[in-house]
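Participant: Keeping the supplied structure of chain A fixed, place chains B and C upon it in accordance with the hints.
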Amino acid sequence: MIKLIEKIEGEAKLNFSFKDNKIDDVNVDFMSTRHIEDILKGKSPLDALVINPRVCGICGHAHLIATVRALEDCYDAIEISNKAKIIRELTLNFELIQNHFKWFYLTIFPLFGLKQNVMKAVTPSQLMAKAIALFGGQYPHTSYAIVGGVVCEITEMDIIKLQHYIDETIKFFENNVLDVDIQMFQNCDNVTKVMSQRGDLVEILKLIEINGWLDYGKSYDRFIVFGESSYFTKGKSIKTRVTNNLFLEDIKESEATTSFAKSVHYHGKYYEVGPLSRAMVKKTALIKDAHRKYADSIFTRILARVCEISQLLLHTELLIKELDISEPSYIKPKSDISSLNASGFSAVEAARGTLIHKVIIENSVIKSYEIITPTQWNLCGGVKDSKGVSQKAMIGLENIEIAELVFKSFDVCSVCTTH
Amino acid sequence: MKRKVRILWLGLMTCNGNAHSFLNYPYLEQFFSDFEFIYHPIIDSDYTLEDIISKEIFCDILLLEGAIGDDFIKADIPAVEIIKKYSNIATKIVTVGTCATFGGIFRESNYQNISGLHFKANERIYKFNDFFEKTISISGCPIHPETLVNTLYAIKKGIELNLDIYLRPKEYFAYTVHNGCTRNEYFEYKVDNHHFGELEGCMFYDHGCQGPFTHGSCNKILWNEINSKTRTGLPCLGCTEPSFPKQDLFNTKKNMGIPEYLPIGVPKRVYLTLAGITKAFTIDRLQKKLFND
Amino acid sequence: MSIDKKEQKKEQIMLASLHLFALKGFYNTTIPDIALSLKMSVGNMYNYFKSKDLLAKEIIKFVSSYFGQKIRDINEQEISTKEKTRKIVEVYFQTALIKPEMIDYFLRIYLSTREVFKDGCEGMICVNEFVTEIMIYFEEGVKCGDLRDQDFFNAFGLFMGYLGGMVFLKGENILPKELDEYIDDVSFNIYKALSV
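First to last, the sequence lines map onto chains A, B and C. For the first sequence, the positions run 1 to 419 when this note's numbering is used. For the second sequence, the positions run 1 to 293 when this note's numbering is used. For the third sequence, the positions run 1 to 196 when this note's numbering is used.
Next comes chain A alone, as it looks inside the complex (with noise of 0.2 Å):
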């Protein structure tokens, strides 16, 4: 039976076959593909600053942050400020906060049979916006994080301006998705306690239990985050057991049968990737206690998503109290990259985990270009004996409308997919 999964940034078909009245297997299809990769091919090095963005609609500025870091990778040695570093720091978490208040109320509301809410989504994520904006000069699409630094000078009313938009999106985290002191959410570490609060966040995970779907969407146990940051941990967690030595060279794509969307796996495994897996490996006390209570589960999963919202406004506070305004946006490198001929990897923690992207300089132009999705980690069709992550969570359930659940519980993105 094939259902058209729709409002994934485009579309998925999911091709489900049934045994006993339970889902036997399910074979995910993105239908069609870009070939960002390829027009990419020949461009001058920065044009790709310019041309990545343009993957995705919702998690562009991920794309940048990625390619900027690739291309810098192309040098023996680059310097880039610490400011300049932080601020892109800065505008991706932005992003990623824009994106779970999207995809919370965009895609999670009405699939618990609640309506979809666009004003929450669009008040906070407008505020993310606007911060993105301050430095660079717009949101979505910005190209502002160049080889060397970022464009922008930034001022202390900046900084002010800044302040406010993070002040006002905390107020509505705290007056809509979960009624406490956003501090106190940070340090708890009993998901009893967060159930016993109101909010958004609470009536949906009530639902899940009300609705007896606790045990929904668990999947390998396994995950894995490459992307570094002042607060994202490298490091695989199988089981709880985190380890942190990775090697982006273990990272192995290969082409699906029926799908435009490669397959990618770490040491021939899937791992999931995403909040949550950002969360087991970093071990932040609510989701291991949720880990421990429901597993992998779309409760765990759902909760890891929303619950990174807060920890990045609290965080975002931190770096910007670190912020030197004295220091360099730009530092011009030594050699214009057109002159070097080079390869380089990068590796960004982006709204739906571990974006990667791969670049090889050659002659002056762009010789290749690849890029790894967080979407292909986690619903890459696997093999007979071997499923992909998001195959494996809806294996056995009953029917098609909790594995649509399960499947946007990973917050899919096709047009990442579909590059």
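If you're looking for bench data, these hints aren't it; they were derived computationally from the structure. The structure presented is a predicted model; accordingly, all values stated were derived computationally and were not measured. All C-beta atoms, glycine included, are put in the ideal place defined by N, C-alpha and C. Careful: at least some of the hints might be erroneous.
[Stated by the list, open to error] When the alpha-carbon atoms are kept at most 30 Å apart in a straight line, the in silico DSSO-like pairs for lysine-lysine are as follows:
1) B/Lys190 / A/Lys334
2) A/Lys13 / B/Lys55
3) A/Lys120 / A/Lys288
4) B/Lys190 / A/Lys3
[Claimed, not checked] Computed footprint of chain A on chain B, listed as stretches where at least three residues anywhere in the stretch have a Cβ under 8 Å from a Cβ of chain A:
5) 124-138
6) 246-257
Facilitator: Chains B and C in isolation, oriented as in the chain A frame:
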């Protein structure tokens, strides 16, 4: 009560950037009391994409986002067929973004005959010629939300918009992106030592800014209500134009030191004469940092 | 007096001045000398030019405009960059031949008497018309693929330095042949040096 205007938002070969930019419109609550989407790629609607494709659902305005290719398939149906069906139904068509208008970034993708609805870059194409008269183009990668929303209101009110040769409302596209840029003085007085990461300087001379020859209101109505690319120090990339994306975007194309592309409508002789005059003078204020003496 | 008439008279004064400057030198020529050569009263002269410095500036603009117009005519022709190069060299040498005082003024007075021109003739303002046309010649040459893209002043110095040098040598009576006999070789050399 008057009925709401019914809109079909159809995503083609796209990144969804316009759909998300639209969500940045500051007065959406009001918008939704005047308009409804029979389908939208993000916002919930009464009909599913499968309904749209399998049935003929009435709509007043068709919004197209993304580039069109002859062999591009949308939910198992050639996109061209869906476009034709709803172009016939709708009273007005708006191409949302540079991809839907000119082909944009994805003009270079590997499909057959990739283009916008009526233009392949600046070349007029006739595949959908029957609908030319009812089309308005809102270019931009992405569109500015106000530009789109106010155009929809103009359609609702039955206003005959004054359009340019690419069917773009002149109200937004007669201006250049240069208009209103906070770095204007550095351009006017030819102070050409721009460095990234500074409040001062103009990106036109060395860093590829296309503001003076790009049509758009970026510096008039601002982005996210607060800023613009050129104000922050990023060159205008010409994203509203048929030629987007050009090559080597962070470098100004020059011939023997003279910029190949000059402000729209300004003859080379006039530009060079004025440049020669202003370049002869040193304006202290514009040589110094804005805030430090 | 009509504006046209006044302009005509001004031009007459400038031409006479050019002649005298070339003959006696810039500093040795006075406003009364110029007035005398035109059979004008000194007082009347001042109706046209308030000072010798102002006159000097007007003259360089006049010379620049003269060349600018000539090169503009060449730029607007549908011919190759190679042919344009030859025509510009030709115009320059022809002028040196027919109106040597013009080139003389540019080389010996404008370029070497900067104190007179520093106020009001900053940078290349007073030779703007001429420089603009040379820019257009270069720009179009690069755009159509004939000339190599390089720094403007690099190319400008090569072109104008070479022509000025030849005229200077001629003025010093060092050149064995007439200037127009050098047109072919000089344009060949310039084009060869500038082309891709």
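Participant: Would you mind marking each hint as holding or not holding in the structure?
Facilitator: Quick rundown of the hints versus the structure:
1. B/Lys190 / A/Lys334: Roughly 26 Å between the alpha carbons, so the hint for B/Lys190 and A/Lys334 holds.
2. A/Lys13 / B/Lys55: holds, 19 Å
3. A/Lys120 / A/Lys288: Holds, because 28 Å separates the two Cα atoms, which is no more than 30 Å.
4. B/Lys190 / A/Lys3: Given pair B/Lys190, A/Lys3 is violated - Cα atoms ~60 Å apart, limit 30 Å.
5. 124-138: Violated, because only 0 residues of the stretch 124-138 of chain B bring their Cβ atoms closer than 8 Å to Cβ atoms of chain A.
6. 246-257: With 5 residues in contact (Cβ-Cβ under 8 Å with chain A), the coverage given for the stretch 246-257 of chain B holds.
In this structure, the hints that do not hold are numbers 4, 5, in rising order.
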